[in-house]
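If you read the protein sequences in the order shown, they are chains A and B.
Start counting the first sequence at 1; every next residue gets the next number (our numbering).
Start counting the second sequence at 1001; every next residue gets the next number (our numbering).
Some hints here could point you the wrong way.
Said to hold, decoys possible - On the chain B side, residues computed to face chain A include the following (Cβ under 7 Å):
(1) L1057
(2) P1061
(3) L1156
(4) T1165
To be verified - The list that follows gives simulated cross-link-like pairs (lysine-lysine, DSSO-like), each with its CA atoms no further than 27 Å apart:
(5) B:K1340 with A:K8
(6) B:K1193 with B:K1270
(7) A:K7 with B:K1340
(8) A:K7 with A:K81
(9) B:K1270 with B:K1345
(10) B:K1340 with B:K1318
It is worth saying that the hints were derived from the structure and are not from the lab.
In this text the structure is predicted, and so the values were computed from the model without any measurement.
Where a beta carbon is used, it is the ideal one built from N, C-alpha and C, also for glycine.
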Amino acid sequence: MNCAICKKNEATVSLKHSVDGEQKDLNVCVACADKHGLRSQLPLPVLTDFLFGVSAQADVPEADGQKVCTTCHMHLRDLQKSNLLGCPDCYDTFNDDVSLLLESLQPSSQHFGKVPVRQRAAQIEHFEARLKSEAASEHFEQAAAIRDRLRALRHEIQESDVRT
Amino acid sequence: MVRKPGSWLGMKKPTGIVISSRIRLARNIEGVAFPGWAGEQERVQLLTRLKGCFTSLASMPNTLVLEMAELAETDRDVLRERHLISQELAERGPGSALAISSDEQIAIMVNEEDHLRLQAIAPGMQLRDIWDKINAVDSEIEDLFGYAFSPQLGYLTACPSNVGTGLRASVMMHLAGLRLTNEVEPVINGLEKIGLTVRGLWGEGTEAYGNMFQVSNQQTLGHSEAQIIDAFIDLVTEVTEHEKNARARLAESQRVNLIDWVARAYGLLKNARIMSSQEKADLLSALRLGIEMGYVGGVDIADINQIMLMGKTGHLQKSTGRVLGPEERDTLRARLTRNKLQNAKLLE
Ligand SMILES: [Zn+2]
Ligand SMILES: [Zn+2]
């Protein structure tokens, strides 16, 4: 059996997970188990919830009790089947589910990388708002990181204005 | 571990421990369903929209667009064996394509898992250079099409594991020394613990044959591209140092065994009449090490890289122009290898 996460390696680690009182197995390879902390730390439910589609919060249900993306009509169950989103808007629709997964995979939930030129204004606005809220909740490290990036972004804009 | 004998430092040949570098960026066009969810018609429409732009990019001159649906299987095999396309793209039909620069250093996959997978590839350790290259291509395309992007999550990708920068940096490493000193496994475990992915280029896990490993970063969100690349280079440099040390220790304490290993590979590669691709990969690993350690002359690393590639099934079939059975392939592979190594000589 192939690993449920990477779909490549042979699954050798079997994790038991309870879904609605029903026992289910999640079979993954050692590498993925370690990578996602499925053997050591405790956020095991995070990933299995994502894979099996059990979310901690009650989501906005559609007619059939499932969330669905209004842009591309992907249902939560489709997402759970493939682990792939249907369209960019799915990130809004399935925000809770994706956030849980990202927490287990990524060091932060804030993008600090390249920003397309036509997105710069929106990015600055977003950073300014976040800077306020991070400072207000005394997350000084995060606030400093945002402030640095904001400064760099404004600098980039100045430079490209000079050039054109 | 850190002791470095002068013999190693005095060697003029490049180490070649990092065989090649690659950076890929995952990008998607706003308002369009991701390829895995889109219908064929949507994928074909998107390719039609994108196609024209590839041939007009200043940062990517002389670009050729190859549509998967129009390519023969052998041609798709050749592209896959050169790591220009993935198995996934090779299996896709209408709407999927590869845009490739004439020097094969920039390759854009269209409608693979994401709308665009921009890749830059170069021999040796050149991650910073290829980042500049692919960054320039990306900026040009960004000007022509609106990318799917969110100020919170960055570039939006079909799989949440690529969101943010969409950047995957990877290197192919030849770790023959660490294999011989039985240190490959702890090194790989160490890398995986700090969030890198390591896989055998051929075969699985540490059973990789040919001692070739692909190392790549896993995290894409929360750091800038430069931070991701710098941290990755630091780790690759560390592994390279481990490999150098292993080789130096072997040359000092097990010199005869090491030369024997190289010489046996040399003998087989120069004389065998039948050779499987796995055997060839393992023997070439020994010969490659022999060249780098100065035990073998008359052939250089570029030749080895060429032998590695031309012995693969797709390349063999492309060169003969027909489909070959396994036995035919093994004989042809052995003959091509012998010819290519005609001038090779043992120096020790
Ligand atoms: Zn796995
Ligand atoms: Zn959607």
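Hints versus structure:
1. L1057: Hint violated; L1057 (chain B) Cβ to chain A Cβ min 16 Å, cut 7 Å.
2. P1061: It is violated, given that the least Cβ distance between P1061 (chain B) and chain A is near 22 Å, above 7 Å.
3. L1156: 4 Å, holds
4. T1165: 4 Å, holds
5. B:K1340 with A:K8: The given pair, whose Cα atoms are some 35 Å apart, is violated under the 27 Å limit.
6. B:K1193 with B:K1270: 41 Å, violated
7. A:K7 with B:K1340: 38 Å, violated
8. A:K7 with A:K81: 12 Å, holds
9. B:K1270 with B:K1345: 10 Å, holds
10. B:K1340 with B:K1318: Holds - the C-alpha atoms of K1318 (chain B) and K1340 (chain B) are around 18 Å apart, at most 27 Å.
Hints 1, 2, 5, 6, 7 from the earlier list are contradicted by this structure; the remaining hints agree with it.
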